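Place chain B on chain A using the hints.
2 protein chains.
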Amino acid sequence: MASNSSSSRHQTARHRLSIIAGHLQRPADSDAALLAVDCKAQANKPNVSAGDRSEGRTVPRKRQEIMKWNGWGYSDSRFLFNKKGQAEFTGKRYRLSGMIIPGLKDWMESTFGANLQHKTQATPALNSSAVQPPTLNEVFVEELKSTGIPFSHEAEDRVFRGHGHCLHEIFALREGKIGRVPDMVVWPSCHNDVVKIVELACKHNVCLIPYGGGTSVSSALECPPEETRSIVSLDTSQMNRILWIDEKNLTAHVESGIVGQDLERLLNESGYCTGHEPDSMEFSSLGGWVATRASGMKKNIYGNIEDLVVHIKMVTPRGVIEKSCQGPRMSTGPDIHHFILGSEGTLGVVTEVTIKIRPIPEYQKYGSVVFPSFEQGVACLREVARQRCAPASIRLMDNEQFKFGHALKPQVSSIFTSFLDGLKKFYITKFKGFDPNRLCVATLLFEGDREKVLQHEKQVYDIAAKFGGLAAGEDNGQRGYMLTFVIAYLRDLGMDYYVIGESFETSVPWDRVLDICRNVKARIVQECKDKGVQFPPLSTCRVTQTYDAGACVYFYFAFNYRGLSDPVHVYEQVEHAAREEILANGGSLSHHHGVGKLRKEWMRETVSSVGMGMLKSVKDYVDPNNIFGNRNLL
Amino acid sequence: MASNSSSSRHQTARHRLSIIAGHLQRPADSDAALLAVDCKAQANKPNVSAGDRSEGRTVPRKRQEIMKWNGWGYSDSRFLFNKKGQAEFTGKRYRLSGMIIPGLKDWMESTFGANLQHKTQATPALNSSAVQPPTLNEVFVEELKSTGIPFSHEAEDRVFRGHGHCLHEIFALREGKIGRVPDMVVWPSCHNDVVKIVELACKHNVCLIPYGGGTSVSSALECPPEETRSIVSLDTSQMNRILWIDEKNLTAHVESGIVGQDLERLLNESGYCTGHEPDSMEFSSLGGWVATRASGMKKNIYGNIEDLVVHIKMVTPRGVIEKSCQGPRMSTGPDIHHFILGSEGTLGVVTEVTIKIRPIPEYQKYGSVVFPSFEQGVACLREVARQRCAPASIRLMDNEQFKFGHALKPQVSSIFTSFLDGLKKFYITKFKGFDPNRLCVATLLFEGDREKVLQHEKQVYDIAAKFGGLAAGEDNGQRGYMLTFVIAYLRDLGMDYYVIGESFETSVPWDRVLDICRNVKARIVQECKDKGVQFPPLSTCRVTQTYDAGACVYFYFAFNYRGLSDPVHVYEQVEHAAREEILANGGSLSHHHGVGKLRKEWMRETVSSVGMGMLKSVKDYVDPNNIFGNRNLL
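Residue numbers (the numbering used here), protein chains in the order written: chain A, 73 to 706; chain B, 73 to 706.
If you're looking for bench data, these hints aren't it; they were derived computationally from the structure. Small disclaimer: the values here were computed from a predicted structure and weren't measured.
Put simply, identical chains are the same to the list, so a pair is met inside one copy or across any two.
Using 30 Å as the maximum straight-line C-alpha spacing, the simulated DSBU-like pairs for lysine-lysine come out as follows:
1. Lys320 to Lys530
2. Lys538 to Lys320
3. Lys524 to Lys320
4. Lys275 to Lys688
5. Lys191 to Lys156
So that you can see chain A by itself, here it is in the shape it has in the complex (with noise of 0.2 Å):
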């Protein structure tokens, strides 16, 4: 298996080494190929760089010592009602750590129907009473041991693997009820760890799941509860080193557990970046990236992650998968990576990947566009793709996100100025003649040289201005963009005060977005009326990035459910509707969350039967016993 794809690699490199001498210094993990050494000898070669393991990285192997075992990000940040009953962002990590929201209680209030009275109570803290004892195979754990690799059969270890962050997972921890969960989670620290564990995993007929970054929205970590076999979840997030930095080809060779901000932050330090940057990036890992085609805010620079990957290496039951070259672009066949680049989990563990890096760009600016209407905006947007000018990030937020991103604002002065204040005093000051009931923003980030980002912007904003869209400053798309990497612990305030939801997405062709945006957005609202939700629910969406032939479209759903008695069935099934709804506009079934279990029922449909049977055969040839059961996909 994996040791004879070893030596045949190890003679592949010795007839080449005699066709010609003194032939380039290979990097290390062809040496680690070629001798199969452990990962404490590859820790003491000169040319490994990024310093050990443990330093700098974000996420240790016991993740409950930072996260939040049933919610979203770092235990230490999250929304809350303070005594005065203002919304604060708890915390010191984020730029909104440590202040108020003052708009914020106004607009949930008023968009949900929400009351601060009427607050739900979260399990605080596990228990491990809760969680079914471990289904062990005993002699698959004893052979682990002796490999030296560290593992857990600890319930908290267990239960932090089983799920992602569906509403429907997320929902059911916070009401202290835990379904399947692994059995183990076990940390390889390299990819020789990888090739034992799978190797051991087959031998005795274990289930294995890889576990990246734990940022799933797609069921794709649920453990399938009809799994009789032992689950071991397959950690990679101690096997996060930079091997090497290529500056020649402005390459690096990264190991796939690294989380995104810690690979940024890192090639920072040289100078460099992938610049790729999804959402979930401070937690998401870059071997999670390529098993879901992830995508990054800034693809129009840097590319999605099937622009940026050069080179993968995978474990599979069969041995290990790589092409034997590293060159730009070929024709060798199908291309293989393409079989890897979205296999969710279910053909191996993707244990290297060699991704191209930039240079840091030198300048970067924000911005934003008023559109009357969204219809302008998306017009807009349009045109921009056309003329193939679309600055690093460009991103079309509906009226209800703008009015959204201002009961975000934080407090920074001492006046109180309630949500409806604040709107109103933009509106009337800036937008005369903009309907503030149809008004849309558009945030913008230019990144590079800085006389060609200039240029550049002037581009951008003179297409803007021929769909009626003016200029709403720096500021507002600086804050857009800040707001990210907090906009998912909304979710979780909003769960303490009744209400749920949850963002999907899509991606759409040119003609179909505006049909789809007011479809789907109709479709949700009356399936919500429809099952019996008391109050109209939040439905908006969003142009997030912008393709030659189309779109990707982000909508968030979310309703209060006082009075429902199942209301993460009736979640799930306005989504169900929503999705119909998006298949039939034309839209796919996703742009970049992926498809898991949740929405498997329709891959037939997606790819053709024919399809479904080439990924099929090829996960029946990859993994007969299906060893990667995580029942992803098909």
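Chain B alone, transformed into the frame defined by chain A:
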């Protein structure tokens, strides 16, 4: 099979229509899927554009009407030496047509030791009795007749489709040697014709080999001699309509048999282009581009084929495979388009493709830069790539190709200029201080908005200056690109005078470019010497595409084979060694020519055993009886 897929799509479509009222008008191809109408009815639909199938289409059913049977391109266009011993290019189709090329004789004599007295004799016409009688599958033929789809088992039609343009294939034809060729040729007119043909082939176990433009240089079109079943060449050339142009989304839905020159010409009529311009574009087809992962000259603006396609429809033995959505980018598992792209005719027939289109650029400008050395030229191209400011096209030729380019200058005045005179004049008057045996030239093409082009041009020339490059004028640039389409005709001239040769290419990381160029060229020279080639070979290269993480390098290799008993065998050994050298130096198996049968032996090493297994599992699922039995890739 195909019909099951069609009725399930019918169901899906009905379901969608029931969700929303007044849904958008569906394009013609979906109507065809729903109602299984035949091609004649389609042609009468008002929303089918671009007129009659034969109007404005280059390639007739009987290719022999316009094309050579044993050489490249049009019958009426060829290089020859006239009675005065001057090189001419015949015909009226090209800019070079009808012109004298004064320097070519000297160049051929000095480069190859060729001699106009030493002329080979190509078999002038196909001798039909040299062609094996066809192995016809009678029941297949009978059922095919009832479909009304045109077919032939005439020798000439069969021979035409039994080869691509590898040296050994053309050499054999010139010698009048005909190996295994298809037994029949069929000409489907539309997707539904292909569905019928594939169904019949599956039913009667007939081997199908799709045939697009016939320009393969990977032995992809060679019929496997061991194939005992009837081989049917499925010629897509008459399936060549633009079914619709979508100006809102800037896409066009096109039948796969259209050739590049027709596609561009037809789109130009509406003010659009795909911008996809492979050197083979006069004859190569959209389906062939998809099957081989084609790359075009101007990929810096328009992208390679994988960037251009939005939707692919392919007929396989299992049924029709296609996505349900035309979204610009998705995360719905591994991307099935990438199972099709590069499948080289082993899985089915691509019938229709939605491809991105762009407005015809306002302005085009050629350019050229002379560098003191190849090293400096490569460093310049690397810097241009690093700054992400590459023009539409930038190509750096080595010193030999610079000289070769001069040899191809047509005579434009009455004063005869010898090759050496012209060369001397060039470097003495313009490039004092440049060593004529080291200097090299980059050709450039800029396209777009006029103002942006001029800015862009300045940026690139400024970078070039940092590497010792001097602007050498638009003419030299333009001439370089104009020669693109006549270069292929030169090989036939070479073969008339005992010179055989081939081009081959690779993609390679930036830091390996110089080594690969030097080492591969040196290896070629050494191998020729070892194998008894009597005159040193032409061994030359060009950096022909730039990427973030590397480049495409294109080699030409040719030699005088007088005195060799088995010249093609010598050629093959040298080419093989050159490919080994490429791989040993970190180059890929191919940037865009593909694998075919010519490079199969390196596939396992290229994609790893697990990768091979994945490809094989897909093949075994999609085509368990190897109906698509060209034996490419695996």
